[in-house]
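Join the two chains, each given in its own frame, into one complex according to the hints.
Residue numbers (UniProt numbering), protein chains in the order written: chain C, 1 to 504; chain W, 1 to 351.
These are calculated hints, taken from the structure and not from any lab test.
Fair warning: this is a prediction, and the values are worked out from it, not measured in the lab.
There's no promise every hint is true.
[Claimed, not checked] For lysine-lysine, the following BS3-like pairs were computed, each having C-alpha atoms within a straight-line distance of at most 25 Å:
| # | chain 1 | residue 1 | chain 2 | residue 2 |
| --- | --- | --- | --- | --- |
| 1 | C | Lys378 | W | Lys271 |
| 2 | C | Lys196 | C | Lys210 |
| 3 | W | Lys271 | C | Lys145 |
| 4 | C | Lys307 | W | Lys271 |
| 5 | W | Lys271 | C | Lys196 |
| 6 | W | Lys12 | C | Lys150 |
[Stated by the list, open to error] Partner residues are not named here, just some residues of chain C that face chain W (Cβ under 10 Å, in silico):
| # | residue |
| --- | --- |
| 7 | Gln373 |
| 8 | Asn377 |
| 9 | Asn480 |
Here a beta-carbon is modelled for each residue, glycine too, at the ideal position from N, C-alpha and C.
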Amino acid sequence: MSLGSVPLKYRIQIDRQQCMQCMRCVDNCSYGVFREEDDGNILIDSRKCTACHRCISMCPRDAINLSERPVDYRSHPLWTPEAREDVINQSRSGRIVLAGMGNAKDYPIIYDRLVLDACQVTNPSIDPLREPMELRTYLGQKPSKLDIRKQENGDFELNTKLSPNLELQTPIMIGHMSYGAISLNAQLSLAKAAAKTGTYMGTGEGGLHKDIYPYQDNMIVQVASGRFGVDINYLERGAAIEIKIGQGAKPGIGGHLPGEKVCTDVSCTRMIPAGSDAISPAPHHDIYSIEDLAQLVRGLKEATEWKKPVFVKIAAVHNVAAVAAGIARSSADAVVIDGFRGGTGASPKVFRDNVGIPIEAAVASVDQKLNDQGIRNKVSVIASGGIRNSADIAKSIALGADAVYIGTAALISMGCRVCGNCYRGLCPWGIATQREDLVSRLDPEVESEHVANLINSWTLELSELMGAAGINSIESLRGNRSRLRGYMLDEGTLDVLQVKPVGA
Amino acid sequence: MCGIIGVIDRHKQKMNGSGIKEALSLMNERGSGEGAGYAAYGIYPDFEDCYALHIFFDNLVEPKSKVDDIIQKWGRIVHQEEIPTKEQPNLKRNHVPWRYFFKPYTDLMPGSLTPDEDIVKYLVMEINSSAIEGALVFSSGKNMGVFKAAGWPEDVANFYKIDEYEGYIWLAHNRYPTNTPGWWGGAHPFNLLNWSVVHNGEITSYGTNQRYVESNGYQCTMFTDTEVVAYLFDLLGRHHELPSEIIVKAMAPPFWDEIDEMDDHERALNKAIRLTYGPALMNGPFAIVVATHNGIVGFTDRIKLRPLVVGEHGSRLYISSEEAAIRTMDPQVEDIHMPGAGEPVIGRVVT
Chain C
1 MSLGSVPLKY RIQIDRQQCM QCMRCVDNCS YGVFREEDDG NILIDSRKCT
51 ACHRCISMCP RDAINLSERP VDYRSHPLWT PEAREDVINQ SRSGRIVLAG
101 MGNAKDYPII YDRLVLDACQ VTNPSIDPLR EPMELRTYLG QKPSKLDIRK
151 QENGDFELNT KLSPNLELQT PIMIGHMSYG AISLNAQLSL AKAAAKTGTY
201 MGTGEGGLHK DIYPYQDNMI VQVASGRFGV DINYLERGAA IEIKIGQGAK
251 PGIGGHLPGE KVCTDVSCTR MIPAGSDAIS PAPHHDIYSI EDLAQLVRGL
301 KEATEWKKPV FVKIAAVHNV AAVAAGIARS SADAVVIDGF RGGTGASPKV
351 FRDNVGIPIE AAVASVDQKL NDQGIRNKVS VIASGGIRNS ADIAKSIALG
401 ADAVYIGTAA LISMGCRVCG NCYRGLCPWG IATQREDLVS RLDPEVESEH
451 VANLINSWTL ELSELMGAAG INSIESLRGN RSRLRGYMLD EGTLDVLQVK
501 PVGA
Chain W
1 MCGIIGVIDR HKQKMNGSGI KEALSLMNER GSGEGAGYAA YGIYPDFEDC
51 YALHIFFDNL VEPKSKVDDI IQKWGRIVHQ EEIPTKEQPN LKRNHVPWRY
101 FFKPYTDLMP GSLTPDEDIV KYLVMEINSS AIEGALVFSS GKNMGVFKAA
151 GWPEDVANFY KIDEYEGYIW LAHNRYPTNT PGWWGGAHPF NLLNWSVVHN
201 GEITSYGTNQ RYVESNGYQC TMFTDTEVVA YLFDLLGRHH ELPSEIIVKA
251 MAPPFWDEID EMDDHERALN KAIRLTYGPA LMNGPFAIVV ATHNGIVGFT
301 DRIKLRPLVV GEHGSRLYIS SEEAAIRTMD PQVEDIHMPG AGEPVIGRVV
351 T
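Okay, chain W solo, but in the shape it has when bound (with noise of 0.2 Å):
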C-alpha cells in the first residue's frame, strides 16, 4: 500500500502545491488516512542560507525553551515562528509545528568537512534521541520543508496550506501504516538535511540498515523503516560522496549473477559495491522516491515488488506509484514509463 508520487522541474520553474495535493488525494485507496506529507524544495527564498528547522512541539513553553537552549548553542536562531496553518474537521492536532531558520556557527565542529550540516545533523539526532521529551525535528534542509502530519492528504495539505507554498520540487506520501503506528512524527516524507525521502513498501532489511547507520553516528528514533533510507543518502552521498546512480547501486544493486556477466570494469565497480555497501542494501518490496536540492531520484527493490510509474512533459519529471496520479498532476504527461527493478530513475536540475 501507500501512494508516492514526486516531481522535479529541471529549470526550477516553481509549481505550487495544488497539483501535488490532487494527485496524491487521487490515491486515497492506498492510504488509510493515518499519515500524509509533502517535501517542497525552494519555498523559503528570503532565508534560503539558513536550515529550516521544522519541529513538532507537543506545547510551547517546556519543549520549546529546551530547543531554543540547544539551537541557540550551536548557532544563531535568524527568524522563527508557528507554521501557519489552518484548522481542518478531520484532521485532530496533536503537535504544534514550529520552524525556525537557522545559521550554526561553523567553528563549533572542528575536524568536519561540512560542519554546518553537521551541527545540523548533531541537532537533529539530540533532539530526536528523547533529549528533549516533546519536541521532534521533521525537516532539518535549506530553502526546502516537509510538512505531515496523520490524515488524508487533502486535509494535511488544507491544514498546512500546501496551495500557498511555491516549490520546483514536490515530493508527496499517502501512508497506509502496516506494521508501525500511525502518527505525526511517522508521516513520510523523511527528511534529514536537504535528504527527503518518500517509500512504499516495508525493509525487511531494516535491522541491518539500521544498525549499520547508527554504527555511523546515526540515530533511528520514528518507528518506521523509512528513515533509515534518508540517513543512507545522507551517509552515503554527503559523507562518502558517491554519486546518486552509485547510492542507488549499494541500496538496490544487480544480482551477482549479472554482475558476473558484466565486462571487468563494470563487475569490479559493482563487487566494490557490494562487498562495501552489503549492510546499506536494502531488502522488502520498496518503491522510494528521494529528494534532495539538485534533482530527485526514485527507485524500486531489486524484484520490483511495488509499482513505480514515470512520466516527462517538458522539463518536469514525474515519479510516482500510480499513472492516474502523474496524470492528474499533468494530462499532457509523456512518455509514461516504467523502470525496471533497481533501475534509478534521475531527474537532475539543469542549470
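Isolated chain C (complex conformation) (with noise of 0.2 Å):
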C-alpha cells in the first residue's frame, strides 16, 4: 500500500488581476515553485514552496500571496502533523531527517522570562547620549592580579605581562560560518560588517578565502576535526584561532558538507579534492582528554608565537559547565557555548530539536563554576546560539558572558528568512548556496552595510539598556544578576540562574 504524500506546507497563490506577468517569481524561486507556461501563464507548484519569501520580496505588485498549512490533519495533542510528516517522509526513506536553522521545537524561551532593571529616584540613570558608554570588550586571559610597584619618582611600574586579547568596539560578533556552508559573498559580507563595526567573525570550519584576506584582521580562524584549510599560513592570517569541539544544532556530531557543494574553490579553500564530500569527524582523533586538548591549545599557541588568543567552542550540554573549567584551565584564552538554539546548515532534525541546553543557563551554570572555582576572570566566556535582539545580548551578559556571537541574526539581515533549507544547497537569497546564478544575488557591499547596522542598532540599544540601568561600563553589567529578575521561571530554573525572582 501506499503511503501517499503528505500534505503541502504552504499554498502559493497569484492574483492574476494584479500580476503583470513579469516572470520575476519564475527567475527568482530556485525550489521551482513557478514555472511560465507556453501561452505566458505562470503554473504554481506550492508543493515545493519553503517559505523562503523570495518570489513575495521580489513581486513588484504584491501578486503573491503565502499561507502556511492549507491543509490540515486530524488535530491530536500527541501526534502533530510535524510528528506524522517524520513518520511518513522516514518510513519513505529509511534515512536521517536533515534539518537547517536552529531548534524549531517549542520550548519556553528563558532570555523572554528574565527582565532587566532600570534605575529610578535615588539612582540615576545614565543619558548615552550625553554620556560616555563603553562597550569596548577585550577577550583572552586576563591575570589573577597585577604586580604593580611605585617608584621613587612617583611612577607606578608594571611588571606584569598581558596575554594577547582580541579588542571588540562592542560585545557582539558574527559567528562561524563556514565557506561552504555559505557562499563567499555572504561571508564577504559579513567581513566587510566585522570590520566597519569594530568587531570579529569566524571563519567556520572552510578555510579562509583569498578574497577574505583583507578582512584578516578581524577574522577568527576556525580549527575543527576535519582540519579543513588548516596550515599556518592559515593560523597566522587570523586575529584569533577557535577550536571547535561541539555546536549547538548538533552536539556530539561531526559536520558533512556534500560533495556537489565542493566547487574547485571550496576545494581549494578547504584544501581538499574537488566534488569530495567534507566530512568532520564528531570527535577530534587527538582529542579524549582535556589534556589532550591543553596539548592543541598550546600547540596553535606556539605555532602562532603565543600572539594569538585560542578560543575553545563546545556545545551546551548537562555538564557543560565542568567542561568549561577544564578547557579554562586549558590555556585557552575563551570558551564558546553554542546553545541549542544555535543555527546550522545542515544538521539531523533529531539533535537539533532534542540535544543540547539552552544558553542561558549554561551560561550561568559556566560562569557561576568558574566563579566558584576563582578563575572566571582568567578567561572569557562567549555565548552564541540564539540570540535575536540587544536584549538577549545584555541578558547573556548579565548571566556572566562576555560577548556574544550571532549568526541567524546576520543572516536574516542579509535577506534569509529562516525557511530551514539550507541544506539543500538552493538558498534563494545567495547565502547558504554555491550555485553562481544564486551567489551573485547577493551585493556585499549592500549587504555588509545591512550587517553592521543590525550590530550598531543594537550596540546602541545595548547602551540605552545599560544607561537604564545606571551602567556606563560593559565590566559591569558583566555577570550582575542583581540586574535580573526571573517571570514565571520555576525555582530550580532560577537557582540555575542564580537570579531572583520579580519583585524580590
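So, in C-alpha cells, the structure goes:
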C-alpha cells in the first residue's frame, strides 16, 4: 500500500488581476515553485515552496500570497502534523531527517522570562547621548592580579605582562559560518561588516578564502576536527584561533558538506579534492581529554608564537560547566558556548531539536562554576545560539558572558527568511548556496551595510539598556545578576541562573 | 542621599569625637534616622597589638558562648568587655555591642603571607555568614574601632560616648537607606581588618563586584552594596599589594577614550588595570571615603553623580559630602576644593 504524499506545507497563490506576468517569481524561485507556460501564464507548484519569501520580496505588484498549512490533519495533542510527517517521510526514505537553521521546537525561551532593571530616583539612569558609554570588550586571558610598584619618582611600574587579547568595540561578534556552508559573497558581507563595526567574525571550518584576506584582522580562524584549510598560513592570518569541539545545533556529532557543494573554489580553500565529501568527524581524533585539548591549544599557540588568543567552542550540554572549567585550565583564552538554539546549515533534525541545553542556563552555570573556582576572570566566556535582539545580549552578559556570537540574526539581516532549507544548497538569497547564479544575487557592499546596521543598532540599544540600569561600562554588566529578575520561571531554573524572582 | 565625612591628622595628633559628631549631625537632611556610625583610628593604645573585634550580640548567652568558642580556637582573648554605652531616648537598643581584644595563633594559618589577618578575616566571614545566629562582627581592625547603630548621628554618638574616644583618623556616616533595610549591621562605616568605608550612593555594579569578591573568599552578608568596597580594598590592597592610587583606578578607572590618549607607559598601565580588575570597577553614583591605619582616600564615581568636597587645615585633611560639615568641624579650614570624577584624594600619615 502506498504511503502517499504528505499534505503541502505552504500554498502559494497569485492574484491574477495584480500579476503583470513579469516572470520575476519564475526567475527568483530556486526551488521551482513557479513555471512559465507556453501561453505566458505562470503555473504554481506549491508543494515545492519553502516559505523563503524570495518571490514575495521580488514581486513588483504584491501579487503573491503565501499561507501556511492549508490542508490540516485531524488535530491531536501528541501526534502533531510534524510528528506524523516525519514518520511518513522516514518510512519512505529509511534515512535520517535533515534540517537547517536552529531548534524549531516550542521550548520556553528563558530570555523572554528574564527582565532587566532600570534606575529610578535615588540612582540616576545615565543618558548615553550625553555621557560616555563604554562597550569596548577585550577577549582573552586576564591575570588574576597585577604586580604594580610605586617608584621613588612617584611613577607606577607595571611588572605583569598581559596575554594577547582581542579588542572589540562592541560585545557582538559574528559566529562561525564556513565557506561551503554559506557562499563567498555571504562571507564577504559578514567580513566587511565585522571590519566596519570593529568586531570579529568566525571563518567556520571551511578555511580562509583569499578574497577574505583583506579582512583577516577581523577574522577568527577555526580549527575543527576535519582540519579543513588549516595550515600555518591560515593560522597566522587569523586575529585569533578557535578550536571547535561541538556545535549547539548538533552536539556530539561532526559535520558533512556534500561533495556537490565542493566546487573548485571551495576545494582550494578547504584543501580537499573537488567534488569530495568534506566530513568532519564527531571527535577530534587527537583529543580525548582536557590534557589532549591543552596540547592542541598550546600547539596552536606555539605555532603562532603565542601572539594569538585561542578559543575553544563547545555545545551547551548537561555538564557544560565542568567541561568549561577544564577548558579554562587548558591555556585557552576563551570558552565559546553554543546553546541548543544555535543555527546550522544542516543537522539531523533529531539532534537539532532534542540535544543540548539552552544557552541562558549554560552561560549562567559556566560563569558560576568558574567563579566558584576563582578562575572566572582568567578566561573569557562567549555565548551563542539563539541571540535574537539586544535584550538577549544584555541578558547574556548579565548572566556571565563577555561577548556573544550572532549567526542567524546576521543572515536575516542579509535577506534570510529562516526557511530552514540551507542543507539543500538552493538558497534563493545567495547565502547558503554555491550556485553561481544564486550567489551573484547577494551584493557584499549592500549586505555588509545591513549587517553593520544591525550590529550598530543593537550596540546603541545595549548602551541605552545599560544607561537605564545606571551602568556606563560593560564590565559592570558582566555577571551582574542583581540587574535581572525571573518572571514565571521555576525555582530550579532560577537557582541555576542565580537570579531572583520578580518583586524580590 | 547619605552624608559622609572623613578626617585625618597627618601627624597623628588625636581628635576627640565631638567635632565629627557635630559635623555629621549638620548633615541630618541627608539621613533618615535609620543609621549612623563612626570609625576612629588610634583609639585603643593599651591594646594596639590586638585585633579589636566589635560584635553585635542579640544576647550574651548562646551566640556569645559560640563566638567565644570559635575565636578561642584561633587565638587568645587578651581582654573583653561590653562596649560602654549610654541609653538614648530616641535610639532603640537592638543588640548588645561587645568588644574582644584578640591575638591570633598565626601558626594555624600556614601558607598565608599575613596569617594573623587571614585568621581574623576568616573569623569575620565565618561568624557573619550565619554560622553563628545572633552575632555579627562589625569591626575587626587593630587599634581602631567602628561604632554604629540605627539612629540619628547625635543619638548614635551619644549612645557610644563618641566624645570620649580620641583618634587621628575619623570617618562618619549619616544613612538614608533607599534600597536595603535600615538595621544596625547595615549602618556605615563598613569594616574589615583595618579597612573602613563610608559611602554615599548606590553601586549598580554590585552583582558583579559581589561575585568577584566572593570568588576570592569573601562573603557578602550585610544586605547592602557598601561592604564590597571594604572587601575590594582588602583584596586589592592587602592581597594584591596595590597602592591606593591604583586601587582607585581599578574601581573608578579613566574612560577608554582617555586611556587611548595617554602616553605608552600610562596607557599600558591603565589598560592592564581595566582588563585585570574589570569586575572591581564600580558603577552607579557614589562618593566614598576609605580609611586604613596610614591614611584615607576619597573618590567619586566616574561621572561624579555624588558630591565630594575636600578641605585642608594644617596637618588635617577633610573629605565630606558638604563643605558646611567640614566648616562645622574646623571653621579655619582652607583650600576647599572639589576633586574631579574618579580622582582620588589621598591623605597619608607623615611620620
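Here's how the hints hold up against the structure:
no., hint, verdict
1, Lys378/C <-> Lys271/W, "holds (16 Å)"
2, Lys196/C <-> Lys210/C, "holds (19 Å)"
3, Lys271/W <-> Lys145/C, "holds (13 Å)"
4, Lys307/C <-> Lys271/W, "holds (18 Å)"
5, Lys271/W <-> Lys196/C, "holds (23 Å)"
6, Lys12/W <-> Lys150/C, "holds (24 Å)"
7, Gln373, "holds (8 Å)"
8, Asn377, "holds (6 Å)"
9, Asn480, "holds (4 Å)"
Violation of the numbered hints given earlier is absent; every hint is satisfied by the structure.
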